[in-house]
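*Asks:* In case you want the letters, here they are:
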Amino acid sequence: SQTIHQWPATLVQPVGSPLSLECTVEGTSNPNLYWYRQAAGRGLQLLFYSVGIGQISSEVPQNLSASRPQDRQFILSSKKLLLSDSGFYLCAWSQTQGSNSPLHFGNGTRLTVT
Amino acid sequence: GQNIDQPTEMTATEGAIVQINCTYQTSGFNGLFWYQQHAGEAPTFLSYNVLDGLEEKGRFSSFLSRSKGYSYLLLKELQMKDSASYLCAVRVRPFNAGNMLTFGGGTRLMVKP
Numbered sequence: 001s002q003t004i005h006q007w008p009a010t011l012v013q014p015v016g017s018p019l020s021l022e023c024t025v026e027g028t029s030n031p032n033l034y035w036y037r038q039a040a041g042r043g044l045q046l047l048f049y050s051v052g053i054g055q056i057s058s059e060v061p062q063n064l065s066a067s068r069p070q071d072r073q074f075i076l077s078s079k080k081l082l083l084s085d086s087g088f089y090l091c092a093w094s095q096t097q098g099s100n101s102p103l104h105f106g107n108g109t110r111l112t113v114t
Numbered sequence: 001g002q003n004i005d006q007p008t009e010m011t012a013t014e015g016a017i018v019q020i021n022c023t024y025q026t027s028g029f030n031g032l033f034w035y036q037q038h039a040g041e042a043p044t045f046l047s048y049n050v051l052d053g054l055e056e057k058g059r060f061s062s063f064l065s066r067s068k069g070y071s072y073l074l075l076k077e078l079q080m081k082d083s084a085s086y087l088c089a090v091r092v093r094p095f096n097a098g099n100m101l102t103f104g105g106g107t108r109l110m111v112k113p
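The listed protein sequences correspond, in order, to chains B and A. In case it helps, my numbering puts the first sequence at residues 1 to 114. In case it helps, my numbering puts the second sequence at residues 1 to 113.
Please keep in mind that the hints were generated in silico from the structure rather than gathered at the bench. One thing to keep in mind: the hints can contain errors.
[Stated by the list, open to error] Using C-beta positions, here's what the derived DEER-type ranges look like: (1) A:T26 / B:S1: 48 to 54 angstroms; (2) B:S65 / A:R93: 20 to 26 angstroms; (3) B:E59 / A:T23: 43 to 49 angstroms.
[As the list claims (entries may be wrong)] A few chain A residues that face chain B, going by a derived Cβ cut-off under 7 angstroms, partial list only: (4) F29; (5) F33; (6) F45; (7) L46; (8) M100; (9) G105.
[As the list claims (entries may be wrong)] Which chain B residues face chain A? A few, computed with CB under 8 angstroms, are given here: (10) L44; (11) L46; (12) Y49; (13) S86; (14) L90.
Every residue gets a Cβ at the ideal spot worked out from N, C-alpha and C, and that includes glycine.
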């Protein structure tokens with residue numbers, strides 16, 4: 001069966017510091033990968049998605065970036081965090097075939113920028 | 001662009017039935033998904049509709065009308081553990097263009113004894 005791991009679970013970082021969140025998927029190959037952010041009491045906002053190694057599409061321009069160095073590894077980064085970057089970050093995967101394939105989410109990272 | 005609307009909050013009584021509505025206006029449509037999200041946790045997949053009609057899964061059912069841009073999630077025999085946010089999400093591109101979902105703001109359901 002497929003599993004998705006995301007870490008760390010919680011993170012408190014000062015403004016201006018760098019960020020690196022990591023996500024790995026097991027039990028499947030060539031998945032689509034996604035980073036979403038959820039602000040407190042709000043819906044999920046798609047930040048990045050990837051359909052293959054080294055292929056990253058950005059949905060929202062901001063000071064975050066994403067990379068996919070391996071087939072089942074997806075990394076979210078920032079060089080300098082802003083207060084507005086606080087939120088709940090969720091990594092997800094889906095199969096590349098089949099429009100009925102749901103997104104499967106990791107447990108999330110709660111980021112607080114102080 | 002896409003616009004997905006759901007009520008912000010709903011309250012229901014244990015053992016009752018509740019219907020959570022979702023309306024959407026999108027530039028394309030390739031399926032509608034419902035997710036459950038407990039506070040502080042990740043969303044979990046509940047149901048998928050791409051054709052008009054009702055899909056039933058135990059106590060949960062989901063309905064879709066593509067012509068009206070409307071869906072609802074029906075929860076029967078409510079239990080206290082059903083207190084959570086329910087997220088409506090639409091897929092607007094085919095799977096070979098990323099397969100991503102666009103989410104509504106979610107409906108926070110509170111089940112009371």
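*Asks:* Grab the minimum C-beta distance from F33 (chain A) to chain B and call the hint holds if it beats 7 angstroms, violated otherwise.
*Replies:* holds, 6 angstroms
*Asks:* Less than 7 angstroms between beta-carbons is the criterion; does G105 (chain A) satisfy it with respect to chain B?
*Replies:* holds, 4 angstroms
*Asks:* Check the following: the C-beta atoms of S65 (chain B) and R93 (chain A) are separated by a distance inside 20 to 26 angstroms.
*Replies:* With Cβ atoms ~22 angstroms apart, the hint holds.
*Asks:* Please check whether E59 (chain B) and T23 (chain A) have a Cβ separation lying inside 43 to 49 angstroms.
*Replies:* Check failed, 22 angstroms falls outside 43 to 49 angstroms.
*Asks:* Would the hint on Y49 (chain B) stand, with a C-beta cut-off of 8 angstroms toward chain A?
*Replies:* holds, 5 angstroms
*Asks:* Using 7 angstroms as the Cβ threshold, decide whether F29 (chain A) counts as touching chain B.
*Replies:* Because about 10 angstroms separates F29 (chain A) from the closest Cβ in chain B, which is outside the 7 angstroms limit, the hint is violated.
*Asks:* Given F45 (chain A) as an interface hint, is the shortest Cβ-Cβ distance to chain B below 7 angstroms?
*Replies:* holds, 4 angstroms
*Asks:* Are L90 (chain B) and chain A close enough, Cβ to Cβ, to be under 8 angstroms, as the hint says?
*Replies:* holds, 6 angstroms
*Asks:* Is the interface hint for L44 (chain B) satisfied, with its Cβ closer than 8 angstroms to some Cβ of chain A?
*Replies:* Status holds, d = 4 angstroms.
*Asks:* Holds or violated: is the Cβ of M100 (chain A) closer than 7 angstroms to a Cβ in chain B?
*Replies:* holds, 5 angstroms
*Asks:* Could one say that the CB atoms of T26 (chain A) and S1 (chain B) fall in the range 48 to 54 angstroms?
*Replies:* violated, 32 angstroms
*Asks:* Can L46 (chain A) be said to touch chain B, with a Cβ gap under 7 angstroms?
*Replies:* At about 9 angstroms, which exceeds the 7 angstroms cut-off, the nearest Cβ of chain B leaves the hint on L46 (chain A) violated.
In summary, the numbered hints that this structure violates are 1, 3, 4, 7 and 13.
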